[in-house]
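Colleague: Heads up: take any position in the sequence shown, counting from 1, add 1267, and you land on the working numbering.
No lab work stands behind these hints, which were simulated from the structure alone.
Backbone N, C-alpha and C fix where the C-beta goes; we use that ideal spot for every residue, glycine too.
Be aware that one or more of the hints could be misleading.
[To be verified] List of simulated lysine to aspartate or glutamate pairs, DMTMM-like, C-alpha gap at most 25 Å:
| # | residue 1 | residue 2 |
| --- | --- | --- |
| 1 | K1615 | D1584 |
| 2 | K1477 | D1488 |
| 3 | K1587 | E1627 |
| 4 | K1623 | D1595 |
| 5 | K1540 | E1558 |
| 6 | K1433 | D1724 |
| 7 | K1587 | E1556 |
| 8 | K1480 | D1380 |
| 9 | K1647 | D1584 |
| 10 | K1477 | E1523 |
| 11 | K1501 | E1293 |
| 12 | K1623 | E1643 |
| 13 | K1623 | D1584 |
| 14 | K1980 | D1882 |
| 15 | K1587 | E1624 |
| 16 | K1639 | E1679 |
| 17 | K1795 | E1453 |
| 18 | K1433 | D1731 |
| 19 | K1466 | D1484 |
[Stated by the list, open to error] Have a look at the derived ranges for each label pair, beta carbon to beta carbon:
| # | residue 1 | residue 2 | range |
| --- | --- | --- | --- |
| 20 | A1928 | P1499 | 30 to 38 Å |
| 21 | Q1828 | G1924 | 28 to 36 Å |
| 22 | G1936 | A1470 | 37 to 45 Å |
| 23 | P1721 | N1476 | 29 to 37 Å |
| 24 | S1914 | R1827 | 33 to 41 Å |
| 25 | R1913 | L1739 | 35 to 43 Å |
| 26 | Q1437 | H1413 | 25 to 33 Å |
| 27 | Q1723 | R1925 | 18 to 26 Å |
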Amino acid sequence: MNGNSLPHGAAGRGIRVGHEKRMNPEIREFIGRSAYCQREVRTLAGMLPADNAALDALIGETVVTSDQREFLFLVMAALSAGRPVSARHLALGTVLIPDPWTLGGIVTHMQGDIATPLVEAVRNVFLPPNIVANALFLAAHWHEEHSGGKLPGPLIGAARVAVRNKTNGQADWALLHAVALISGDEGLYTLVLENRGLKKGDATLEEWNKGVKKLGDNTLDIWRRDPIGLVPEKHQAELATANTMRRAVSRIGRNEPCPCGSGKKYKHCCIEKDQERLRHSTEIAGMTEAELHANPEPFLTAVRIEQYQGHEVARFDPRKIAPGLHVDFLAKLCRCKLLDAVVEAMEKLGYRDELKEPWEQISLRVARAGRKDLVERMMKLNPEGGTKTHDGHLLLMMAEADPVALNNHLMESVQRMLADDEVKELSNFAWALLQSRLCPLGILVARSLIPILPQQDAARLLTDILVARDLLLLPPDEPFSDIMDKRFLDQRPDEGKDAEALREALRKLDAKVQEVQRYKESVQRLQKEVARREQLATTSATTVIAPKAPVDAKALEELRQKVQTLKSSLKERHQERNTLRQELQKAHTDLDSLRQKAAAPVPAGNGPETDREEDWLLPQDAPENQPVRVIEFPRNFQDSLASLPRSVARGTLTMLGRLAAGEPAAFVGAVRLKACPGIMRHRIGIDFRLLFRLLPDRVQVVDLIPRQDLERKIKTLV
1268 MNGNSLPHGA AGRGIRVGHE KRMNPEIREF IGRSAYCQRE VRTLAGMLPA
1318 DNAALDALIG ETVVTSDQRE FLFLVMAALS AGRPVSARHL ALGTVLIPDP
1368 WTLGGIVTHM QGDIATPLVE AVRNVFLPPN IVANALFLAA HWHEEHSGGK
1418 LPGPLIGAAR VAVRNKTNGQ ADWALLHAVA LISGDEGLYT LVLENRGLKK
1468 GDATLEEWNK GVKKLGDNTL DIWRRDPIGL VPEKHQAELA TANTMRRAVS
1518 RIGRNEPCPC GSGKKYKHCC IEKDQERLRH STEIAGMTEA ELHANPEPFL
1568 TAVRIEQYQG HEVARFDPRK IAPGLHVDFL AKLCRCKLLD AVVEAMEKLG
1618 YRDELKEPWE QISLRVARAG RKDLVERMMK LNPEGGTKTH DGHLLLMMAE
1668 ADPVALNNHL MESVQRMLAD DEVKELSNFA WALLQSRLCP LGILVARSLI
1718 PILPQQDAAR LLTDILVARD LLLLPPDEPF SDIMDKRFLD QRPDEGKDAE
1768 ALREALRKLD AKVQEVQRYK ESVQRLQKEV ARREQLATTS ATTVIAPKAP
1818 VDAKALEELR QKVQTLKSSL KERHQERNTL RQELQKAHTD LDSLRQKAAA
1868 PVPAGNGPET DREEDWLLPQ DAPENQPVRV IEFPRNFQDS LASLPRSVAR
1918 GTLTMLGRLA AGEPAAFVGA VRLKACPGIM RHRIGIDFRL LFRLLPDRVQ
1968 VVDLIPRQDL ERKIKTLV
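Just need the whole structure built from these sequences, with the hints factored in.
Modeller: The following block contains the structure:
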């Protein structure tokens, strides 16, 4: 990190595109030229407005303008000086906080209800899993202290959805486990145990519970310390990590005349000033980081838009962006769930035919998020509307506030779809209901489609149902899972040699379905026995003549306990079955992709670059069981990763981890080089290629190179 940079955060909702700043120029200039360190933050604290309302407005402006640097500088300066910082800024400002430790250090020193804005941020914006887990833990702890641990429904629902995220790290799981303990919600607790590989009754479960509680307490103790400790003591300069760095100053000899026109030699004039500029060079020649930060739009490309963080993209003025990049710009904002920002950008650009698809996608997003205000603004941009599917979502949103209009819309939609008998339209209708206030009705409609939709569509719809149940705080399992499982298990097993992973997934799911059925039958049998004994006890207590044998109250209570235990175990088996069903669906998809790739001819006229690459490769190897291996990296591989976009580096390490673990799906697309059969090639995104060797005990990384360098690299390997 250099003096003019801060760690990147995620994207947020409510940020305004190209917003004109009104901050005190002296404060803005100081932040722009200062290194992010404790001395400079304390200096800034002395420059803050004396009036707390003015300070609050200043912080609010940095949130609206999505300026992470100014936000962190101001918040840390205010907190270090003991000034009040309102927690309401978290609803939009959480996305500007770069890491969990900074999040906790800031949040625990804010004033007011921190839980409500944190949950709003988690539910409405795109945040990385570690920020989500820490935000939910902070919100749960606040309720534990201020409302006796009674957590509101939206918080529990958000936690359930977060638990289903398979990319959570160990620390994230631990904090979500702590949230489940605070909440007392049976469904959330069951989901946490299932995803952590634990079961009720395990001998180690009590130790796990104590461990996560202790972790939470220790983390809170650290967060409660002086937040200035989260700011580096001194300026921490790092080497630049952009793809290709260009000099911010032209190369000039020390003894040459200074280009400023002073008549002096360069070494006696501007060399020191230029050396400082060189330390802040960027990938754009002649531009420093501060200059590029202030005017990035002329230098944007589709690749650079994708590399920027969402909150950085929200700063761009769409009117300064080349028209050919408008779709990429809007798509990035939309994917990052920057709903206010993307609608404002669309308004500034204006509707035109080439933006019809972005208009539809944005309208769909804002309708799904329940933002009627944004739906109305989008409809004004294009009064004629988009496709029938998108119109249905938008009309449903617009009619929600009017019971008569809502009833008419539902009746007209259902009649039209029943007449057309279009399964796809029915699926879209169910999905729209699941995202609306009529979510419970959406679950019932979606259930009716599971038996008739194509298998993959039905599996996705079942996933949407499970998420909807989480948000409604219903029991996590869905009864129509049985029908979905029957559809999977009734299909004819694939006999191909390349389908071993699919057959194994089917066997596991079949075994789990049978286990679930046995638990269901046991619960039903015991429930009937409990009901019979309770009725017998009631009869014995009221009958005077010829009383029946007394009912053993202790035995009846034990029976009730056994029913509850079996119910808990049944929930755990349901979650295990859901996981196995997802694995089976993935095996189906991987097998289909593998076979399509093997069967598809190389299309004529697909471009010489693609054709040449295929010529250098052998056919895909037949799938086989892979052992677990360790990864062997070449020298300086970390430096190579640091020079690449973070998405490429992250994708590379993820793929290597999957290969080393022997995951069958990871080997789809891994093919051998014709010239060097011992070396394999795997795609990393569109533009990069990973070369590696598969040895008996390790995955040996050879290199990670741009796609266009593959031919040259192969020649060096021969």
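Colleague: All hints, please: hold or fail.
Modeller: Against the structure, the hints:
1. K1615 - D1584: 9 Å, holds
2. K1477 - D1488: 17 Å, holds
3. K1587 - E1627: 23 Å, holds
4. K1623 - D1595: 13 Å, holds
5. K1540 - E1558: 15 Å, holds
6. K1433 - D1724: 21 Å, holds
7. K1587 - E1556: 19 Å, holds
8. K1480 - D1380: 22 Å, holds
9. K1647 - D1584: 21 Å, holds
10. K1477 - E1523: Between K1477 and E1523 the Cα gap is close to 70 Å, so the pair fails against 25 Å, i.e. violated.
11. K1501 - E1293: 23 Å, holds
12. K1623 - E1643: 16 Å, holds
13. K1623 - D1584: 20 Å, holds
14. K1980 - D1882: This hinted pair holds, its Cα atoms lying about 15 Å apart.
15. K1587 - E1624: 21 Å, holds
16. K1639 - E1679: 21 Å, holds
17. K1795 - E1453: 23 Å, holds
18. K1433 - D1731: Since the Cα atoms of K1433 and D1731 sit roughly 16 Å apart, the hinted pair holds (cutoff 25 Å).
19. K1466 - D1484: 24 Å, holds
20. A1928 - P1499: 30 to 38 Å: 36 Å, holds
21. Q1828 - G1924: 28 to 36 Å: Violated - the Cβ-Cβ distance for Q1828 and G1924, about 43 Å, lies outside 28 to 36 Å.
22. G1936 - A1470: 37 to 45 Å: For G1936 and A1470 the Cβ distance comes to about 43 Å; the hint holds.
23. P1721 - N1476: 29 to 37 Å: 43 Å, violated
24. S1914 - R1827: 33 to 41 Å: Violated: the Cβ-Cβ distance is about 54 Å, outside 33 to 41 Å.
25. R1913 - L1739: 35 to 43 Å: 36 Å, holds
26. Q1437 - H1413: 25 to 33 Å: 29 Å, holds
27. Q1723 - R1925: 18 to 26 Å: 22 Å, holds
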